[in-house]
Amino acid sequence: MNAIAITSQMQVRQGPITMRSELASLMASVCADIHADRYMLVHPSVERGPKSVRIITSNWIFDALEDFGSVGIASIIENGHPSGPGATPRALAPATAPFLSKEEKRALLHHGHGELYCQKLIAGGTVSFAIFSAAAARCIDPLALRRGHMMCSYAVSQYFSATGAQESNDPLSERERECLLWVSEGKTTDEVALILGVSSNTVNSYIANAIQKFGANNRAMAIATAIRSGII
Amino acid sequence: MLHDMTAPVEAEILGDEAVAAWAAPLTVEPEIEEISSLSDAVRLCLRISGLLRADAFSLFFIVSQGDAARLAPVFDTSYPGISSLSRMLSARDTERFALSACKSDQPVWWGGRDGRDFLSASALPWAAEVASPIEQAGIAFPVSQERGRTGLVVFSGSAMNVDETHLCEAHSRCFSLFAHVARQRVQDCAKKPNVSKRELECLRLTADGLTSDDIATSLGLSVHTANQYLTNSTQKLNAVNRIHAVAKAMRSGLID
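Chains as they are written, first to last, in this note's numbering: chain A, 14 to 245; chain B, 2 to 257.
The hints are simulated quantities; they were obtained by calculation from the structure and are not laboratory data. As the structure is a prediction and not an experimental result, all values here were calculated from the model. Heads up, a few of these hints could be off.
List time: in silico SDA-like cross-link candidates among lysine to any residue, alpha-carbon distance up to 20 Å [to be verified]: (1) B:Lys237 to A:Gly199; (2) A:Lys133 to B:Ser177; (3) A:Lys133 to B:Thr151; (4) A:Lys133 to B:Leu255; (5) A:Lys64 to B:Ile256.
Not the full set, but computed from the structure, chain A residues with beta-carbon under 8 Å of chain B [as the list claims (entries may be wrong)]: (6) Ala136; (7) Gly177; (8) Trp195; (9) Val196.
Covered by chain B, according to a simulated footprint, are these stretches of chain A (three or more residues, beta-carbon under 8 Å) [to be verified]: (10) 31-45; (11) 68-74.
The beta-carbon is built from N, C-alpha and C at its ideal position, and this holds for glycine as well.
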């Protein structure tokens, strides 16, 4: 029924999505299809440290973003159990979410985000998130959302390959990434040095750089961040 | 990350009524497809195949070998046998097809010998056209398990008809199907490590950058106990050190 609305809009567009405005209009039509009011496409922004995000496109009003803040968005992504492609979408009630502060809950509800769905998009080798929200509980159709999820993935992947936007999500150099990969496989500094044919000091400095770029406390956290963002 | 958020706060913000509405279970349950065996998976794949009006399907694992990629068939229309579709696509000369299909996140399609266009205008921008690897027209959906295996679900037929809605629906179902199949394979190969809740908690905190001291403080344990939990989980996961254990636990989905 609603798919018809989406289809008729899509026939206007030919070729892949290359501009942000096209991405925004696609997100708006997905919103209409799943009965959501607001959308937001975000990247977890590892280069700006933990708890920060980069918004790709969104139709949240400025005040809502200002009041809720990027820390709030980051905690939705981290703790809101985002569903991957094909998984059954899970509704998130901001009012009862244990990971949001009282102020954050109030900001969401005040600006008409009574129900949220956070979907994990894996496109172009990187992870990004689509957050859909509606004013009241159970407005959003979870079955339509599963389809809408794939469309978002397609669109984001086309947009990324057109703009190269996903590059900035991977702040690591090739060598740093390689070092982290071997460390995640349980290799010690000396072993990595042997594998890559460089000195142990060099390996340590690559890893220290990576830790610094991620704003991590230690190696374990850097590895976890890299795995979460799909870098290794 | 613990907030003392209790019911009164929610009621204060939302009103009692809205809190009560949320406490009730969700009435509209999305269809849950239970897969307990490979034949269940085959049955589900047959249903997706019906959605696309395809005659044949085949599910592959992608095995990458350096710069090359190979398709390893898991099951297909002739389950428990192997169909000609699987045989043709896993042959050596289709390596280029395998590479182009697994490079993308989006479906790839081909028109077959008679070059028939079976995608609707709305679906066309979402899928990339590739050179026909086989005689019949078909479409391939790249799928992956989060931090895990990647695969390809291929459908082919002479009477296929796919619009945008069906394309997304089919791809989404392929993803969930593949997740089940890949998980089952892992469980078949190695029994799920018996890591306790407490041990997982310690691993999770380690992933968040906490040291043993921090973990002991936040969980109210002694440092020795926290270390013991981490050592145990490292052994159970068959890892060589803590970082390896964290990486293994994350990749197998034990922790987020």
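Verification of the supplied hints:
At roughly 15 Å between alpha-carbon atoms, Lys237 (chain B) and Gly199 (chain A) fall within 20 Å of each other, so this suggested pair holds. Between Lys133 (chain A) and Ser177 (chain B), the direct Cα distance comes to roughly 14 Å. Compliance with the 20 Å bound is thereby established for this hinted pair. About 17 Å separates the Cα atoms of Lys133 (chain A) and Thr151 (chain B), which keeps this hinted pair within 20 Å; it holds. The suggested pairing of Lys133 (chain A) with Leu255 (chain B) holds, with an alpha-carbon distance near 18 Å, which does not exceed 20 Å.
The straight-line distance between the Cα atoms of Lys64 (chain A) and Ile256 (chain B) is roughly 19 Å, inside the 20 Å bound, and the hint therefore holds. Interface hint at Ala136 (chain A): satisfied, since its Cβ lies 5 Å from the closest Cβ of chain B, which is below the 8 Å cut-off. Given the 8 Å rule on beta carbons, the hint for Gly177 (chain A) is violated: about 16 Å separates it from the nearest Cβ of chain B. Here the hint on Trp195 (chain A) is broken, as its CB sits about 10 Å from the closest CB of chain B, past 8 Å.
Restraint check, Val196 (chain A) versus chain B: the minimum CB separation of about 6 Å is within 8 Å; hint holds. Only when three residues or more bring their CB closer than 8 Å to a CB of chain B does the claim for the segment 31-45 of chain A stand; here the count is 0, and the claim is violated. With a cut-off of 8 Å between beta carbons, the segment 68-74 of chain A has 0 residues touching chain B; three or more are needed, and the interface restraint is violated.
Violated hints for the displayed structure, listed by number in ascending order: 7, 8, 10, 11.
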